[in-house]
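In terms of the working numbering, the sequence shown is numbered consecutively and its last residue is 510.
Careful: at least some of the hints might be erroneous.
Here are the simulated PhoX-like pairs of lysine-lysine, each with C-alpha atoms no more than 25 Å apart in a straight line [stated by the list, open to error]: (1) Lys400 x Lys166; (2) Lys209 x Lys448; (3) Lys327 x Lys156; (4) Lys234 x Lys127; (5) Lys400 x Lys376; (6) Lys127 x Lys156; (7) Lys239 x Lys251; (8) Lys234 x Lys376; (9) Lys251 x Lys227; (10) Lys225 x Lys258; (11) Lys234 x Lys251; (12) Lys156 x Lys239; (13) Lys257 x Lys448; (14) Lys209 x Lys257; (15) Lys234 x Lys258; (16) Lys184 x Lys166; (17) Lys327 x Lys127; (18) Lys257 x Lys279; (19) Lys127 x Lys239; (20) Lys239 x Lys227; (21) Lys402 x Lys156; (22) Lys227 x Lys400; (23) Lys184 x Lys272; (24) Lys227 x Lys184; (25) Lys327 x Lys91; (26) Lys251 x Lys209; (27) Lys239 x Lys225; (28) Lys166 x Lys209.
None of these hints come from the bench; they were simulated from the model.
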Amino acid sequence: MKKLKKIAAVSAAFALIGAYGAAFAGCSKKDDTVMLRVSSWEEYIDLGGWKDDELIEIDNPYNEELGGVIGKNSMVEDFTEWFNSTHDFKVKVEYSTFGTNEDLYNRLSLGDVYDLVCPSDYMLMKLIAEGACEEYSEEFLNNGWYTENVSPYIKGVFTDYGWEKYAACYMWGTTGVVYNPEKLNDISDVNTWEILLNENYNRRVTVKDNVRDAYFVTLGILNKGKLTGELTKEERSKILNDTDGETIAKAEDVLKKIKDNVYSFETDAGKSDMVTGKVVANYQWSGDSVFIMDEAESDESSPVELWYSVPEECTNLWFDGWVMLKNGIDGNEQRRTAAEAFVNFLSRPDNAVRNMNYIGYTSAIAGETVFDYMKWNYGDEEADDVFEYDLSYFFGNEKYKIKTDAANFDFEDGDRKIINRGRQLFTQYPSQNVIERSTVMLDFGDKLGDINQMWINVRCLDVKDIPIATIVIVSVVIVVVVVGICLYAFRYKIFTGYKPKKGYKRVEE
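The task is simple: from the sequences and hints, build the whole structure.
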């Protein structure tokens, strides 16, 4: 099995790519240079710098002289060169990053201006609902690399939710639990989100430090009985996006118990904590799970084989999508053309492979080039036990099945149906069984304030949880300290002869 390229760059490098100042942003003449302002997640695009021996040896019809796929320059640099050689005006890219969806939204609220951003599903829904997004042109929607190569499955989901005119999917995946099977009390413990409450793993599991993911998984725990039964897609979504006041209160109670049991609430530290063995299970996004498994396996001193489980209750089917913003595009057709071209360039299959290989996440782009890359990565027709992993739902044709080593999956019945667990291939492309119990997280809407207050109560000190006796003792101590300070000041004034004069300047009489 070929290994994915490991992320080696830091997000600060983005600031250096095409950052030529905003002086060009308002240009309108045909021969001027347009500044395209793009913002996306940290470490979410190929920064280039690959060595020659890192060439992905597959057919590349988009750049045949390379003999495969490789990232010599950054994706932004390659886009700029390609655009400037194929269009009648020039472009420069000002590329910046954000850490969370909420971080991006706060920047927009404070007046930051971007032409193109890449939020997750619930945030792009919020931006669409607020009228902040520009529709893609008919030319983009009917022609180009994105339209030609986007997975029919992904296209169907975006159409179902009404996003197709405003958003172009970039990466997608699930949420689950990365775990070390050698450190579990019982393998079935990772089949449920209740592992976050399991006292056998006290201070040995982690959970995400954002309210959207944490709330979702808590609803999974609260509704385990319902979710493991027969449900329609709509019924499942209603349960896992419930923001009723009573539900929020129950979720707060469960989250406080989770807080008492987990090692930490984390955003990025969980990756290193799993690799180093500080924790044995980590609530994680699928793309970062692939990275974690690769890192742990490639550790020369003590390689560890980690796995990924999608709990039986549910998983979040998440999407990150490119949206153009009205206040950035501002009616400028050249900026719109540049923004749509940027999305199209990233959607060219060889570029989709570069980004997947560099960051570990799964592109929305399908087609032969991407499938060849997955076979190059995971195909193994000479294994002792060969299993055909079916990806036809994503690629749109029954021929798309990868022959690979059955040892990379955990089969839980005689028919070789993958219920919960697998390694990298299963993590990047979930089985049909996982898709059927997945749900998209929706925007909280007008319940956002209530949800945020609940999260504050969980993550910060909640006065309601402090015993009355403790409150009384602390109050008495504060009063004693204040009285002591006042008495000291009074005595100091008498014995030193100092007193404040007009203007609060102290002088000696």
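Looking back at the hints listed earlier, which ones does the structure fail to meet?
-> Checked against the structure, the hints that fail are numbers 1, 8, 15, 16, 22, 24, 28, while the rest are satisfied.
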